[in-house]
Amino acid sequence: MISRIYVTPTVSDSRAEILATSFNNLDIKGKVTHISVIDCYTIDAPLSPTDLSASAALFANPVAENATVGGFPKIPPFSYLVEIGYLPGVTDNVGHTAMEEIADKLGRPFKDTEAVYVSRLFCISGELSESDAKIISLSLHNPLIERAYVAKADLIKKQNGLPLVVPQVILPTKTPVIKVSLDLSDEELIKIGKEGISGPDGIRRGPLALDLESMKVIQAFFRKLKRDPTDIELESLAQTWSEHCKHTIFANSIDDIKDGLYKTYIKAATNIIRKNKGKDDFCVSVFSDNAGGIVLDKDFMVTHKVETHNSPSALDPFGGAITGIVGVNRDTIGFGLGAKPIANTYGFCFGYPGDVRPLYRDKNLTQKMLPPRRIIDGVIKGVNVGGNCSGIPTVSGFVRYDDRFRGKPLVFVGTVGLIPRKINGKLSHEKSARIGDLIVVVGGRVGADGIHGATFSSVAMDSSSPATAVQIGDPITQKKLSDAIIKEARNRELYTSITDNGAGGLSCSVAEMAKESGGAVVDIESIPTKYPGLSPWEIWISESQERMTLSVPKKKWNEFKNLMESRGVLAVVIGEFTDSGKCIVRHNGKMIMDMPMEFLHNGLPVRHLISEKSKSVHKDPKIPRGDSRTKELLALLREGNVGGFSFISEQYDHEVQATSVIKPLSGKGRINTDAQVIRPVLDSTKGVILSEGVYPSYSDIDTYHMAACAIDTAIRNAVAGGGSLKHLAILDNFCWCSSYDKKRLAELVAAVRACYDYAVGYGTPFISGKDSMFNDFRGYDEKGNLIAISIPPTLLISAIGVMKDISKAVSPEFKMAGDIIYVLGETHDELGASEYYKLLAKGTLEDIGNSMPRVDLQKNIKIYQALEKAIDKELIASSLSLTSGGLSVGLAKASLGGMLGCTVNVKNIPGTASSIDAKLFSESQGRIIVTVAKKNIRAFEKLMRNIPHAKIGTVLRNKSFTITDEKKAIDTMVDILAKNYHNFSRQFK
Amino acid sequence: MKKETLKIKKPCVMILSGYGINCEEETKFAFESVGGAADIIHINDLIDDPALFSKYHILAFPGGFSYGDDTGSGKAFANKMKNHLGKELKEFVSRDTLVIGICNGFQIITNLGLLPGALVHNKGGLYIDRWVDLETKENKSPWLSGIEKISLPIAHGEGRYVVGTDEYKAMKKRGDIAFSYTKGEICDYQNLEANPNGAMHDIAGILGYNGRVLGLMPHPERALFFHHRPDWQLRNEVLKRKGKKMEKEGAGIVLFKNAVKYFKK
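From first to last, the protein sequence lines are chains Z and P. In this text, residue positions in the first sequence follow the numbering used here: the first is 1, and each later residue adds one. In this text, residue positions in the second sequence follow the numbering used here: the first is 1, and each later residue adds one.
Treat the hints as calculated values from the structure; they're not laboratory data. Among the hints, a few may not be true.
[Said to hold, decoys possible] Here are the computed lysine-lysine pairs in the DSBU-like style, where the Cα-Cα straight-line distance is at most 35 angstroms:
(1) Z:K979 to P:K169
(2) Z:K808 to P:K169
(3) Z:K934 to Z:K726
(4) Z:K959 to Z:K842
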């Protein structure tokens, strides 16, 4: 029996008013005059009328809402109704909560076959055509995960409401396990690797992403065993051997680098730095765990991990982003015996929001890509809900825009964690599943979500199928899990090891933990599923969210189970860790996977990679005539890559946990800070400082220097905010494109070499990293012409540092009129690929110049050390690290941040910069502008004696902002700077 | 008068947790830093042992995202309490106790009917994290003693307070308007509008049970330290130039001091 509950607002509804405006901005013929938004709960369970009205009462606050059962609510007349609900099998968090509420109220648990589904109704008044209503419905939903029902008002009247249907998952019954013969031609093996195993129905199950070489190794392996592999064995190998899990491009030998890039450059850098630091080494757990851990103080350790979630975010921006952020939270919960997430970070690389050129995934132009603006809105909302709902402050982040991100956006998500160094006297980062420990899965149930990651099988496109390759995170399920583990089970020592269920689902997490004990056996039918009909292989590799895998000693199981139950967390035993040397999966007692650990983890054929250097040469853009550059400065401030993004910062809760010291927005003018500080332990004065460095455009000239600049910027941002080179670690996130292209590989090798050179040079160890190597879009334009868009090779460097005393933190904006402005560091003619040249080049890549910034390590170290001293002695009133846009943009930000003017002369700044353009806009690294109170000048200049610096001006009480060289080059007012700086952000409100 | 609470050394505070409430730890820190004895109690443990109520003098509904705001902020958690703890809660507030509901906690206690009105989507439609200036004209509430103006942070998506006209008149008459949004030093500092979410009559917090129950959208537990203020860097610079030390405390601590003092005197 199906019944609907309609909840209608009885007070003015701000959501509806905002929607009306946005609908009228769509390309519709008619005009929307009014909207009623109705929340609808569709209940698929036999409830009596009294039970129904009792349930309805749960969902309506009498002061503001009105609930209707049985018939359609009385609302103002409307012309069209649009209902948006989920497709079958898509996570319906609200529906689940509604079901819990009803069950609790009526004391009547729901059966597996019963459920509550949520949908939202938009009753739209105004002169509208059918096609208008369709356009509106498209703007309201994403066909990959949601369904839309559009109906004229009179139909709703005739039906007295909406049709009583539910998006229930119905799976065809299929043979649970099939054997796959590999005695096939190479062509056939390639086909299986590319398109997947073909099931009894003849439909391919989607890519295994195994190349012929790998397929042949597997073929030989099973020939030796004289048997065919089962589907679950093949799928399992494909997951464990995937680029995502094995990072072959960083692991394999390349050119003459026989140990591969990761071992030779990244890991080696950290090892040598730790050796050099000796007793000052602050690394505790690096590379080996889900996140990297460094010392905070004698009692605590802080962890950091940054992930990417690019492909899923391109398909379902909201789902992809929220899954990304709650996923990286689990990397923190899965660090050691479990760290508490204390800060989220983000980084978005988008196409330009105004870009409406359509892209399609298929030649028949049926699978349209979402335009950048939809992706931007969805991704931002995903991280918003993921972070805010989890009670984790989102403190640090950045946004970049480039045409080449329109095919594939980059979504970086990171989480900082806090964990005692010892728990009940034992080191908290050491964990090991013991022989005989139970394999326990906690959190959500398993569905067909995210099978084969986000690869799009035809099944996934069929709305009646549940196999949506996209997952939607459920932060509350995870929050319950996180609290129960981190705040209770951990300190009661109820488990011996824990890890996240991420890519590859159980097939990877169990296989990984099984290394600790030497084997595992799993009974697949014991794994709770969202709906009946899933095959064992699907359950094994499903990436359904909010799940973690633990090893629980048998004698602790009851206590663990009771704790989880009392916290509303699902926990089940799915098997046992062994020392059999095998990963075994059984289905109702029958062995369906029997895989030696050795082959599973090390059987993957190693392929040698070869790179091929190339050089790109560009023209310089046309330089503006005359002396004034005011127009250019204001234009730069309006750029998304330079201007503020307060619209993001202020919708992300950055103050929960009461740790806020330096916020994402700072000063009267609310400028975005380049480094943020939190106080992770409230009764200690220790601080954690976070910053990033990222320059995708620099890759168009040289990836070695791109990487050097990213590292220098992340470090400089941290030091400028009060961090110290002595206690600063970094993380690398490589997002590359077409990585089997030799030229791209050469660019990668160059970037990784820089990582080694500059990490070692600065003594800042890598503690964690991740790579995403194939960020390419291949599709079609509106004429059906093939287009390939590859992202510019992007390296994100994230820095995490420890400050002795948070009261020493310095924010970037000017503080006091009369203070003296200094620039530290040298300015050279380094405008190549700068925001200024890109502005002048008007989006063409030809005219971005060649002379990009180079990092002078030795000079910069001295500058940063001197700055550290000056900040420690509290001689500095404001400190701003110069990045994109250069000196003039930095001065503008400091000025509008403090809403104080300044008069600056750049005639004698250190360095070889000759033209006014270079002096104002060059992005030379290693530079900071600071302001100093008159009384501190002597002490300050004493500290700066041996480093390049210049006194360049004074902070003014009035609002005038001028920069002079030989002649006046910039002449404007602070309010105008502020207006332009916030202009880009304003369009999103 | 408060017979049963005479000479209490350490007033006991129960801080509820579970199902997505997430400000319990900083709220505990706030109460303990001013001399309270605070315990974080998971709602299911309270349901299992409702007698726990009798141990406590102060009950705190912290901020957070109980049930992810599904079916409406605060509703699901309030429904769970109504279903299992309605009687005990009534009994608790009928005693000479104090109750505070912060942000999601405020949304919960309005849904519980402990306080009138409701909290709905912000007028801007978006979640907002910023600071606000508040004023109070009430002095009867133990929570508010000594407060006239105060600046605190908010962080919410459903903070627009709505209430019926007659109810509002009655509240005013009873003196139950705890806090209203106003233009003050923070709004001047960052040039922000006073009322961030379109709340009726600029209401940010209200009182019930003769001032013993306080519900508010702003987060006093996020304003415990001087460095929590958005303008602390500038203020600190001013202090430095006067040769003064950096301040330690934030304005929010006052509410917690007041609550603990209420039982100590």
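Hints, one by one, checked against the model:
no.	hint	in the structure
1	Z:K979 to P:K169	violated (42 angstroms)
2	Z:K808 to P:K169	violated (49 angstroms)
3	Z:K934 to Z:K726	holds (29 angstroms)
4	Z:K959 to Z:K842	holds (31 angstroms)
Checked against the numbered hints given earlier, this structure breaks hints 1 and 2; the rest are met.
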